[in-house]
Amino acid sequence: MIVLEDYFKKAKSDLEKKIPDYGTDEFGKFRDKIRVQLKKKESDHFLIVRGLKVLVLGDWNTKEKKQRLYDLKTILLGNGIYAETIDKYCDVDKKGGLSQLQILELCCIQHQLIVFIDGTGTGTLVEQNYLATNYVFHGKILYFIEESKFDESKHNPSVYFKDFPTIVPYGTDKELFDKVLIYSNLRIYRLAEIVQKQVSSGKGLSNPKYKPWKDRLSKIPRG
Amino acid sequence: MGDDLKKLCINASCLKAIILQNKNLDVLLYLAKYNPDVCISDLVEKFGTGIVDSLKDLEKYNLLTERNGQLTLTEEGIFQVDGLLAIAV
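These protein sequence lines are chains A and B, in that order.
Residues 1 to 223 in my numbering are what the first sequence lists, from first letter to last.
Residues 1 to 89 in my numbering are what the second sequence lists, from first letter to last.
Note that these hints are calculated values from the structure, not bench results.
Heads up, some of the hints might be wrong.
[Stated by the list, open to error] Simulated crosslink set (EDC-like; lysine to aspartate or glutamate; CA at most 20 Å straight-line):
1) B/Lys33 - A/Asp32
2) A/Lys17 - B/Asp37
3) A/Lys53 - B/Glu59
[Stated by the list, open to error] Computed footprint of chain A on chain B; a stretch qualifies when at least three of its residues, placed anywhere within it, have a C-beta under 8 Å from a C-beta of chain A:
4) 27-36
5) 69-78
[What the hints assert, rightly or not] Some chain B residues well away from chain A (every beta-carbon gap over 10 Å; in silico):
6) Ser41
7) Thr49
8) Lys60
Glycine is no exception: its CB is placed at the ideal position from the N, C-alpha and C atoms.
When you get a sec, could you build the whole thing from the sequences and use the hints?
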């Protein structure tokens with residue numbers, strides 16, 4: 001089992017060391033350096049990438065599986081992709097309050113990419129059923145599944161994971177970590193580019209008169 | 001997804017503007033260095049009363065939280081400040 005140090009604790013501690021004492025010349029120079037870089041047009045893409053959110057979903061039913069979700073989150077965060085697990089929104093071990101379904105709904109809307117790790121179903125059944133039946137989320141789901149399980153679909157294309165259009169098989173845990181990082185990076189960078197183009201062209205999504213495709217399609221006469 | 005992206009466009013363009021506005025960058029760096037031992041009155045003393053509005057903006061963008069006058073960078077705040085250092089240092 002891979003156990004990584006908590007990203008936020010480490011990042012905060014590093015920031016305390018790197019940022020000079022307030023009120024010194026060093027602090028002023030440090031701040032000005034950031035300000036200059038931030039004002040550059042090139043920083044736009046960087047900021048958009050860091051503003052997009054990934055939700056890592058999967059089995060919570062064992063300590064190891066929970067740790068694997070945390071580690072996946074940590075790897076994404078350490079590589080400049082903002083990632084969260086569902087426990088940020090609720091105590092997954094505690095009953096009461098919002099239902100898991102309500103939390104899931106909240107999470108799916110707030111995140112631009114969902115990394116779903118296939119499991120035994122005991123810890124992911126609610127998520128799986130919810131996502132499988134809500135097509136609107138399918139475009140933002142990456143479904144990771146063990147290769148051996150994936151291979152079974154050769155003779156049985158009606159397996160449950162057919163509900164997810166983007167399926168990524170993996171062999172070892174190491175391969176899972178690598179693939180989650182690569183695929184998430186590709187998706188997030190692509191999305192950031194789309195957002196940036198829309199902003200700079202003043203067309204499409206940044207146009208105040210922009211109409212979502214759902215509205216446009218509803219006006220097409222059906223034969 | 002369309003509306004979702006539209007909101008993203010607005011948020012992304014605003015985040016840069018918010019960080020560059022007034023003393024917001026100073027505040028973020030200050031909190032990254034010294035929180036959780038920072039309260040609003042400390043910042044007012046250092047940056048002036050105008051800083052209260054800046055704090056509201058930063059809170060709106062989920063970069064910091066305030067509880068009983070005590071200020072803390074959120075996880076998103078830590079992530080963004082970490083990113084700012086990455087582009088400049």
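Hints and how they fare:
1. B/Lys33 - A/Asp32: 16 Å, holds
2. A/Lys17 - B/Asp37: 16 Å, holds
3. A/Lys53 - B/Glu59: Holds - the C-alpha atoms of B/Glu59 and A/Lys53 are around 18 Å apart, at most 20 Å.
4. 27-36: holds (count 5)
5. 69-78: holds (count 4)
6. Ser41: B/Ser41 clear of chain A: closest Cβ-Cβ about 16 Å, beyond 10 Å.
7. Thr49: 18 Å, holds
8. Lys60: It holds; B/Lys60 is separated from chain A by about 14 Å at its closest Cβ, greater than 10 Å.
The structure shown violates none of the earlier numbered hints.
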